[in-house]
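> Hints are included, so try docking the two chains, each in its own frame, into the full complex.
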Amino acid sequence: MPTLKNEPDTCREYGFCNCLECGAVVKKDITLCPRCHSHLHSRKPKSLQKSWMFLITSIILFFPANLLPITYTRTIGQPVQVDTIMSSILFLWHHGSYAVASIIFVASIFTPFFKIAVLLYLLTHPAPKRPPVIQTKLYRFIHFVGRWSMIDVFVVALLGALVQNNLASITPGAGIFAFAAVVVATMFATEQFDIRILWDKYRDYSCKNQS
Amino acid sequence: MQEPIIKKRRITFLWIIPIIALGIGLWLAYQHVRNTGATITLDFRTGEGIVANKTRIRYKDLDIGVVTGVGFSEDLSHVIVEAQMIANATPLLNEDSKFWVVKPQITAAGVSGLSTLISGSYIALDPGSSKVSRRHFEGLQQAPAIPLSEDGQLVHLQSASSAGLNIGSPVYYRGLKVGQITEINYQANADRLFINAFVRAPYDKLINTSTKFWNVSGVSLDVSTNGANLQMESIESLLLGGITFTTPTTFDTKRSSSISEKVFTLYASESATVQPPSFEKQYYVLYFDDSIRGLNNNAPVEFNGIRIGQVIDIRLLYDEKTQKAVLPVLVEVEPQRIDRVNKQEGEDNLFADLVSNGLRASMETDSLITGSKFIKLSMYPDDPGSLTEDRYSPYLVMPSRSTGISRIADGVGEIIDKVKKLPLDRIADEVSEVLGEGKNVLAGANSILNAPNMDRLGTDIVKSLEEFNQTMKSVRGVTQNATKTLHTLNNKLENVITQFEDTLYGFSPNSSLYYTLQETLSALRKTADSVNSVATKLDNKPNALIFGD
Ligand SMILES: [Zn+2]
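Protein chains in written order, with numbering that gives the first Met the number 0: chain A, 0 to 210; chain R, 0 to 548.
Bear in mind the hints are in silico, worked out from the structure with no lab data behind them.
Yeah, the Cβ is synthetic: ideal placement off N, Cα and C, and Gly gets one too.
Be a bit skeptical, because a hint or two may be false.
What follows is a set of in silico ranges between Cβ atoms, one per label pair, in the way DEER data are often shown [stated by the list, open to error]:
1. F143/A - G48/R: 41 to 51 Å
2. T30/A - G22/R: 30 to 40 Å
3. E149/R - V99/A: 45 to 55 Å
4. F71/R - Y120/A: 43 to 53 Å
5. E12/A - T35/R: 55 to 65 Å
6. K53/R - F109/A: 22 to 32 Å
7. K53/R - R202/A: 53 to 63 Å
8. S111/R - F143/A: 52 to 62 Å
9. K53/R - S96/A: 44 to 54 Å
This is chain R alone, in the form it adopts within the complex (with noise of 0.2 Å):
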C-alpha cells in the first residue's frame, strides 16, 4: 500500500489563475482607454443617414471614430450628432477640420461615395491645417470639392448668372483643366451669384487682379458679316459648364498679386471682357419737356459716346396738384464703367460730382430713320447744376437740357419770329431795287471772270475802284440812306445764318430735314453774300446805285 503524499501548503498554487485573469482584464481594461480617444460633437443641418452606434467617422477610408448618439440642439433648429474617436485620430481633431456625411453622388462631374449605396452614410473627416485642437465642429453640407491639403488659390468671382455652371464645374486654362467651382452662392442684398472657384498651383501663379474670367460653358455662336464663329471650350464644358481666363496686358494700373481678397468678375463671354466690370447701379430720374417719342426702355445712356447705361423705365403722370403732365424717365448707370483716377478721398458719388460740373443729360435721336432716341449725357462746364430730389419718386432727380430735334424746332421757331419781325415791307421795295443793281453787278462780275484777260483782272478792278472811289465821293451822301438798309439786312441775315448753323449742329447729317436745312441755309448764305458784295460795292462806290459800275 503505497502511502499518501500529504501536501502541507495551505494555499494552493491555482491562485495564480485569478491572478492571471485580473492581469489579463486590467490589460484589456488598460487597451480600452488607451484607444479611446475624444468625444466630438458635430452640428448638422439634418440627420439624413446618421444612426448612432452604426454610423462611421472615416478618414481615407478607415474607420476612425463611430456616431454614439444623434440629437436635436434646443432650439430643434439642428442635429448635434456625438460620436466617439479612437485615440490615434485626436491628431485628425483641428480647428479647421472638416466633417461631411458621403452620400452616393450622381453628377456629370463623376459619381461619388456609391459604396454608401450598400453601406450606408458614413461621416467622412478631412483634417486641416491647424495644430489647435477642437471637439466641436460645423458638419459641412457637402463634401468640400477641394481637399484641404492640396495647394492652389480659392479666387472670389461675382456673376449675373450662373449660365450652365454648378459646383464641380472645371477651371480652364488654355484648355487645360486647373481647378473646379466650389461654391456658388446668391446674395440677395447685392443682387448677384458670388461664386468661388478652386485653382491648383502652380496655375494659381498665373492670376493677378488684371486677371479677366469668363463663361465657357456650352457652345457660343457668333454669326457676323465676318461670318460664324463656333466656340466650344471641351465635350466637358458642353456638359459640365466652365469657366476660363487669361491675363492680358491693359491699361490698369493697379495690378496686384495679391488676389485673395479681390472678387473677380465673371464675364458672359471672352467678348465681354472687353468692357469694364459693371455691377453697382445708381438710378436717376430725367425730365424732358417735349416728346419722349421714341425713347424706349433699354434705349442707351451715353457719355461721351460710351455707352454706361440705359433707360430702364418711363411713366407718364398727371399731376393733380399743379395740373400738369410730367414724363420721369428712369436711367440706370453703371459707374464702374467710369474708370476712376486720382480719386479724392471723400468724394463718393461720381455722378454729384460730373452734375456739379455741368454734366446734363439730354435726348438725342439715334436714327431718323425709326426715330429711336438715345440719352447722352455732356459736360456743360459753364453750366454747373446739382442733384435733386424727385417729387415723384426715391430717386435723384439729374438735371437735363433739351438738344437735338427739339433744339432745332426752337431754333427753327425763332428764326421764323426773327423773320417776321424783319420790316420786310419797307425794306423790299429797297432791297428789290439793290438787288436789280445786284444782278447787275453779279452780271458785271461774271463778265469780268469770263473774260480772256484774267490776269489783269485784279489790277482793272482795284484800278476801276479806286477811280470810282474818287469820282463818286461827291454822291455819297445820297446813297448814305440805302447802304445803312442793306448793312442792317445784312446783319439781320447774318444773325439768321449763326442760328441755323448752332441748330444744325450736332444734327445727323443723313436726313432729309438736314438736306432742306442746309438748302435753306446756303441759299440764305448766298443771299447775305449778295446783299454783301452790293453793300461792300456801295460802301466802296456808293454811286453805283446810280452809275452801275
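Chain A with its partners taken away, still in its complex shape (with noise of 0.2 Å):
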C-alpha cells in the first residue's frame, strides 16, 4: 500500500481543478472554468445526495414498472391481453424463445435490479476501509449497462408503433412509462454518483491511520 499522505495525488491535492465540462485543468481557487464558462467542481456537487435522491425515486417506481401491465395487446376476437414484464417473458419462454427470454429478462429484469443493488451498496458504504478498487469496477460497469436497459422500452415503442390496425394493436401500459422512468432514474443516480469521493474518504481514512 502506498504511502498516500506526503505525495499528492489526485489534482485536487496539486491544487488544480479538472472541468467536469470540457477537461481544462485549471487552478482550484478558480470557481468558472476559463475555456468553458460552467462552474468548476473539483468533485461533483452534492453527489450524495442526488444519488439517493434518484436511487429512491427508481426503487419506488421499480415496482408500479414490475406490476404494472407494459402492453395490452388487442387480437381481433380475442380479450385484451395484458403483459406485465414478467409475464411477456414467461410467455415468451414457454414458446421456446429462450434466447429473446433471457435477454430481455437480463436487460429489463436483472440489470435496474442489479444497478440499484450496486448504487445502494455504493452509497450505503461511502467510506471505504480498503482502496475500492471493486466498488470503482461495478460503478464503471453500471455506468457501462444502464443503456442498455431501455431495450424493453425500444421494444415496446416498435411494437405500439408497427402493430396498429384493425387485425391487432398493441398499446403501452401505464408499466412501460414506470420502467422508462426506472431506467432514467438509475442513470441519473450512476450519473450523479461521484466514485472518486470513495477514493476521497479510502484516503482520509488511511491517512487518519498512518498518523
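This is how it looks when you write it as C-alpha cells:
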C-alpha cells in the first residue's frame, strides 16, 4: 500500500481542478472554467444526496414498473391480453424463445435490479477501509450497461407503432412508463454518483490511520 | 471573471422527484386496490375451455373478471374455477346469479357464441334479482334459455315422450311464439319426462290449472272417414318442435291461476287433450276360470264403457303343487282416468274401495267376428269383495266374475240339464193330448178371430165361457189331474225362459248364436204361451178336454 500522505496524487491535491464539462485543468481557486465558462467543481456537487434521491425514485418506481401492465395486446375476437414485463418473459419462455426471453430478462429485470443494488451498496458504504477497486469496477460496469436497459422500452415503442391495424393493436401500459422512469432514474443516480469520493474517503481514512 | 453563485441550500429541491414518484406509486396502488373486486369460486362439471389468466368473466359483453386458477375439487368430482372480479362487479354477485361457459353452439334454434370460436370460451354471468351477496357459485352446464331478468312464468310439464322437442323449442299460443322450452329431464323413478317451459309475460296470464298443453312438433296427418286433415303449426315447429296450449272451458271444479306448483300434462296431440291425464298406473292380476282365447295384450280394460287401462301380460302357469294350470292376466289401470270428487281423507286406493263395494272384472267379447275380448269392470253392489295377494306375482288380485260367453255356456248347460230332468216321457202322452186339444183350441180361436163379426167377439167369448164354466163345474174333478201336469210343465218352461233371458242379457245381438238362441227362445215362449192358454182354458172350462170349446 503506497503512502499517500506525503505525495499528493490527485488533481485536487496539486491545487488544480478538472473542469467536468470540457476537461480543462485549471487552478483550484478559480470558480468558472476559463475555457467553457461552466462552474468548476473539484467533485460533483451534492453527489451523494442527488444520487440517493434518484435511487429512491427508481426504487419506488421499480414496483409499478414490474407490477403494472406494459402492453395491452388487442387481437380481433380475443380478449385484451394484458402483459407485465415478467408475464411477457414467461410467455416467450413457454413458447421456446429462450434466448429472447433471457435477453429481455437480463435487460429489463436483472440489470435495473443489479444497478439499484450496486448503487445502494455504494451509497451505504461511502467510506471504504480498503482501496475501492471493486466498487470502481462495479460503478464503471453499471455506468456502461445503464443505457441498454431501455431495450424493453424500445421494443414496446416499436411494437406499439408498428402493430396498429384492424386485426391487432398493441398499446403501451403504465408499466412501461414507470419502467422507463426507473431506467432514467438509475442512470441519473449513476451519473450523479462520484466514485472519486470513495477514493477521497479511503485516502482520509488511511492517512488518519497512518498518523 | 464572474463570481460563482454559491448555493447555500443543503438539501436540493430535487427531492421533490422521489416524493412525486412515491405519490404516483401510492395512487396507482390505491387504484389497483379500489379496482380489485371480490374473488369468487365456481364449480363446473368440466374445465373445458377454461384457462387460468386467459378466460374472462363477461357481463353484457364486457370483461368483469378473469379466471385466476382452475383446479380439481378434493374428491376430483368437479372443477373449481377461481376468478378475480373487478370492483364494479360486486353487485352482480348475488345469491341467484348464474354462471355458465359460453361455447359456440349451432342449433336449429340459432347460432350463438360464435365469437368464442376465435376468442376461446368465456364465462358469462346473469345476475339474479336477489340482494344477498355470495362468493361461491355452481356453474351451469349450459346457458339459461331465458334471462333471469325476463318477466314470465315457468311452467312444469310432464310427458311420456319428448318427440320432436328440444331445449329451445318454442311455445306457441294461437300460432304466436310466446316462450320456449328451457329444460328437459328424465326421471327414472316416475318413468316420464319433466319439461320446463318459460312463457313470457303477458302470455303467462293465459295459463291456469285447467290449461291443456300439447305437442305440435312436426306434421300431423289424420285420415278418417271425414277426409284427411293435415296440421302443422309452423315451419319453425317442423324443424324445432314446439308446444302449444289452450285454456278450454271445462267441467273442472278446481281451477286456479296459481300454476307454479302444478305439473301439467303435455299431450301428444290436441285430440288427446280431451282425455284425462294418465301417468299413475296400477297393476292387478285377474284370473278367469275359462279359456282366455281372444284376449290379447293391449286389450282394453273398460269401466262402465270408459277405457281406463289395458291388458299388459298374459301367462299360462302350471302349479306343480296344486297340479293346476292357471292363467294370470296382468292389467294396467290408470286411476287418474277416474275423476274423484268428494274425496274422503285417508282413503288412498281407489280400486280397493271400488272392489270392496262390488267392483268385478269380467271377460267380455268385443266382437264375435274376430273373437277379440276385453276386460269389463262393473259394479255388483250385492257382491262385495277385496283385493287379495297373488300367489304367483307381487301384484294384487282383483276378483273376477264369469259373464258373457262363459255364462251363456253355463246357462245353456243348465238348461240342458233341466230339460233332461223334465219327466218328458211321463208327460209326453198327456202333453200330446193337451197339445192336440190345444191345436183345436188355437184353430177355434183363429176361426173366431177371422170371423167378420169381430166386435161381438169379446162378449161372445165371455158369455160362452161363463156358460161353459157353469155347466162344466161338475166335470172339474175329472180333469184336475191333467191341469196339474200342464201347470207344472208351464212353470218349468217359464223357468227355462227366464234363465235364457238372463243368459242373453248383455250378449251381442249381431251373432248367429244370438239369433239361434232368440229363435229357440221365441219357440219356447210360443210353446209356453200355448200351454198357458190351454191351462187357462182348462181352468175356466175343465170340460174343454172332453167337449172341446
Ligand atoms: Zn470547462
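> Are the hints correct? Go through all of them and say.
These are the hints, each one checked on the structure:
Taking the beta carbon of each, F143/A and G48/R are about 49 Å apart, inside 41 to 51 Å as hinted. Checked against the hint of 30 to 40 Å, the C-beta distance between T30/A and G22/R comes to roughly 37 Å, which is consistent with it. E149/R and V99/A have their C-beta atoms about 51 Å apart, which keeps the hinted 45 to 55 Å range intact. Taken as a hint, the range 43 to 53 Å holds for the pair F71/R and Y120/A, whose Cβ atoms sit roughly 47 Å apart.
Restraint check, E12/A to T35/R: a C-beta distance of roughly 59 Å satisfies the suggested window 55 to 65 Å. The supplied range of 22 to 32 Å is met by K53/R and F109/A, whose beta-carbon atoms lie about 27 Å from each other. The beta-carbon spacing between K53/R and R202/A, approximately 60 Å, falls within the hinted interval of 53 to 63 Å. Between S111/R and F143/A the beta carbons are some 59 Å apart, a value that agrees with the proposed interval 52 to 62 Å.
Range check, K53/R to S96/A: Cβ separation about 19 Å, and the 44 to 54 Å hint is violated.
Of the hints listed earlier, the one the structure fails to meet is number 9.
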